[in-house]
Amino acid sequence: MAGLEANSRKVAASMVVDLTLPPLGIPPPSGRGGCQSASVRYQPGVVDMGMGSATLVIVNEVRGGTTMSSTAEENKRVVRRIRDEVEEQGNLDAIDEIFTEDVVTHTPMGEFRGPEAIKEMYESDREGFSDSTETIHDVIAEDDTVSMRLTERGTHDGEFMGIEPTGKEFEIQTMAFFRLEDGKVAEWWMQPDTLGFMQQLGVNPEDLSEAVSAGDD
Numbered sequence: 001m002a003g004l005e006a007n008s009r010k011v012a013a014s015m016v017v018d019l020t021l022p023p024l025g026i027p028p029p030s031g032r033g034g035c036q037s038a039s040v041r042y043q044p045g046v047v048d049m050g051m052g053s054a055t056l057v058i059v060n061e062v063r064g065g066t067t068m069s070s071t072a073e074e075n076k077r078v079v080r081r082i083r084d085e086v087e088e089q090g091n092l093d094a095i096d097e098i099f100t101e102d103v104v105t106h107t108p109m110g111e112f113r114g115p116e117a118i119k120e121m122y123e124s125d126r127e128g129f130s131d132s133t134e135t136i137h138d139v140i141a142e143d144d145t146v147s148m149r150l151t152e153r154g155t156h157d158g159e160f161m162g163i164e165p166t167g168k169e170f171e172i173q174t175m176a177f178f179r180l181e182d183g184k185v186a187e188w189w190m191q192p193d194t195l196g197f198m199q200q201l202g203v204n205p206e207d208l209s210e211a212v213s214a215g216d217d
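This note's numbering puts the first residue of the sequence shown at 1, with every later residue one more than the last.
Just so you know, not all the hints are guaranteed correct.
In silico DSSO-like cross-links for lysine-lysine, where the CA-CA straight-line distance does not exceed 30 angstroms [what the hints assert, rightly or not]: (1) K184 to K76; (2) K76 to K119; (3) K168 to K119; (4) K119 to K184.
It should be emphasised that the hints constitute simulated quantities derived from the structure, not laboratory data.
The whole structure should be built from the sequences, with the hints applied where relevant.
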């Protein structure tokens, strides 16, 4: 506890207990025993190191001077920018801020590298589905990885990967996983319901495969 005082670390806790401990920072007087009653109580964001009392604090694991919880929250914030700024606002310039220069993107249609490839992907999506939206349901972060569950919706009102517009709407569930390095996304795995997507648009999977192959040539 004295170390917490020395570091002036302000963190949050979630419990209140009473215990007996020596006065903090003061050695017990000779012959008088080593402990006295102390009330230990949670106060949000405050470490009270007063004599005879202390605030018991549950500290998250610390790496590089930053708590793991704060790093996880920052990683989630970075990942949410993809939906908020790129998908919803159409700000493709934000991709350079969100992703590393050598980012690797894994999709059911193949793997590609770099921010420019991600920009091309969003441009293609915008041409094929001008009203596309994403609804985020869950975002979970641990260490350098963030997972996300979302719903994608849109209308196929433009050419998409060689498929002429069908005018049909789609709504699919998607899972995505992101690995971050130094506050940027370095790797991205997309797990959309590709079969459900094609069925709702009335697209033959073979036609889509042929379009992907033609695009790679």
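Here's how the hints hold up against the structure:
1. K184 to K76: holds (11 angstroms)
2. K76 to K119: Roughly 21 angstroms separates the two Cα atoms, so the pair holds.
3. K168 to K119: holds (25 angstroms)
4. K119 to K184: holds (16 angstroms)
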